[in-house]
Amino acid sequence: MTNHSLPDESPEYEPAAASSPVPVGLQLAFFALGFLALIYLDSQAGGFNGKVYEPFDSYEVVQEVQPQLNVDPRFEQGRLAYMTYCFACHQADGGGLAGSYPPLAESDWVNDENPERMLRVIMNGLTGPITVNGEAWNVSAQMPAFGMAISDNEELAALVTFVRGQKEWGNEASEVTAEEVEAVRNETMARGMTPWTEEALREAMEP
Amino acid sequence: MNNGAALFLGLLFAMACSWFAFVGAPQWQFGQEIPYTDEATGKVFPVDRGGAAKRGHDVYRQNGCFECHTQQVRQQSYRFSLVVDEWGTNVQQTLREFPEVSLVVSNEEVALPPVPYLLFDDLTLREAKDYQRRRTESGTQLRRVNHPVGPDIARWGARRTVGLDYLLDRPVMLGDRRFGPDLSNIGNRQPDPRLLLLQLYQPRLRNEDSVMPSYPFLFESLEATEENEAEALRHQGEFVKDGRGRLIAPKPEAHDLAAYLLSLRLDEPVFEAPGLGIEASDPESEATEEQSD
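The listed protein sequences correspond, in order, to chains A and B.
Numbering-wise, the first sequence is residues 1 to 207 according to our numbering.
Numbering-wise, the second sequence is residues 208 to 500 according to our numbering.
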């Protein structure tokens, strides 16, 4: 504000804006406002994460309030494997098909305390007449070997755990670990695709 | 003008700030969203609309339905209930740990109530977690169930709407006024296409006080013959007739619009909006509710 005189009336005169400093108080006020605005933004924006919506505060909270499912992931992995490999013959209810495929539900082969026999059957398949729950089965169909198809010990362990622990079928046998599966796999590797018979199983498992 | 450059830069800065906040930042937040595939079940969400529903989207747009109806449900808060999946094996100990529970008698046998058992309702996250942490002694399994809360949820939605819901909509018609109810879950609340068509033809048939305009041009009048009766609109068992006593049948556009409305559903849970609110209500109670709207 240096020039307070009246405008020059000469034709060359060009008006110009003067400059003056912003008062310190106002600068401080703007700074404080900006600071509060950023605090508010920080508390309300959910970390600018596209997955966080009102009323959640952060991604961690959204994760925390996800539905708690009443399922065991290992059991579900086993169910998936069962529906892939076993379901076609042994059926969804584990009941098998009368005359063709023996049942898994409440079967003494499945509910055996030691899962080894069941694992051997899965590894190399099974053929010939067998006895399930005291009932003689003379099945023409041969169970194929799944040892190669299910090469992941963890998956096979989950599958066997599912079948042995499926309470809806009346099965309540112990869980099976991947180590147990690996032990049986190493023992039966040499047998390859040659299916077991009940006789051969008994001989192989004799101590 | 001696400060032209400063003025230009100042304006540019102001515009850049607002562009960044309103265009840039949302693009950075949501721009990469793609349909989500559930690894366990292989389901994809959102599902692209099929033929009729896709055409119905255009009918919805042409008739300006979004002028009076929104497609966005808000959520105010969230609450939890605690559900027992498995009681502890020791009944005495379980009862000591859960004094809220009383034994039930069935078949002359005294036992803990059958599971799943609703133990607590309307808890905050902190309270629910607290119970889960402290009451573990008897081996009872407690599961948290999340309930979205809010006036919108109570009236219209099973859950809040999120960005993913609109991913395949071109254009997105959120709507900004609610002269009528929100429609983002209408396919769930009103699953009967005949009632939707009736509402489009003459809203006052089912609710005398409705302010919704009627859309008679989506319908045609047909000769009152027997073969036309299959298509014709009915209300309370009677055929709806126009002034000349002819039957009313929906044109393809009306069918498309109904198909689009039926495709608006919020019953698929998403990560961003965990938990589901009200169950899909049966059409009977829904009809009376809309009467009172």
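Please keep in mind that the hints were generated in silico from the structure rather than gathered at the bench.
Wrong hints could be hidden among the right ones.
[What the hints assert, rightly or not] The list that follows gives simulated cross-link-like pairs (lysine-lysine, DSS-like), each with its CA atoms no further than 30 Å apart:
id, chain 1, residue 1, chain 2, residue 2
1, B, K250, B, K448
2, A, K51, B, K448
3, A, K51, B, K458
4, B, K448, B, K458
5, A, K51, B, K261
6, B, K261, B, K250
7, A, K167, B, K261
[Claimed, not checked] Label pairs and their computed distance ranges (CB to CB):
id, chain 1, residue 1, chain 2, residue 2, range
8, B, G257, A, P129, 52 to 62 Å
9, A, A178, B, R268, 52 to 62 Å
10, A, V61, B, N209, 20 to 30 Å
11, A, S100, B, P320, 41 to 51 Å
12, A, A178, B, A232, 23 to 33 Å
13, A, P67, B, A232, 41 to 51 Å
14, B, L332, A, G25, 42 to 52 Å
15, B, A223, A, N49, 19 to 29 Å
16, A, G170, B, L375, 44 to 54 Å
17, B, R268, A, P15, 31 to 41 Å
18, B, Q283, A, G25, 34 to 44 Å
None of these values were measured; they are calculated from a predicted model.
Note that the Cβ used here is the ideal one computed from N, Cα and C, for glycine as well.
Of all the hints given earlier, name the ones this structure violates by number, lowest first. 1, 2, 3, 7, 10, 12, 13, 17
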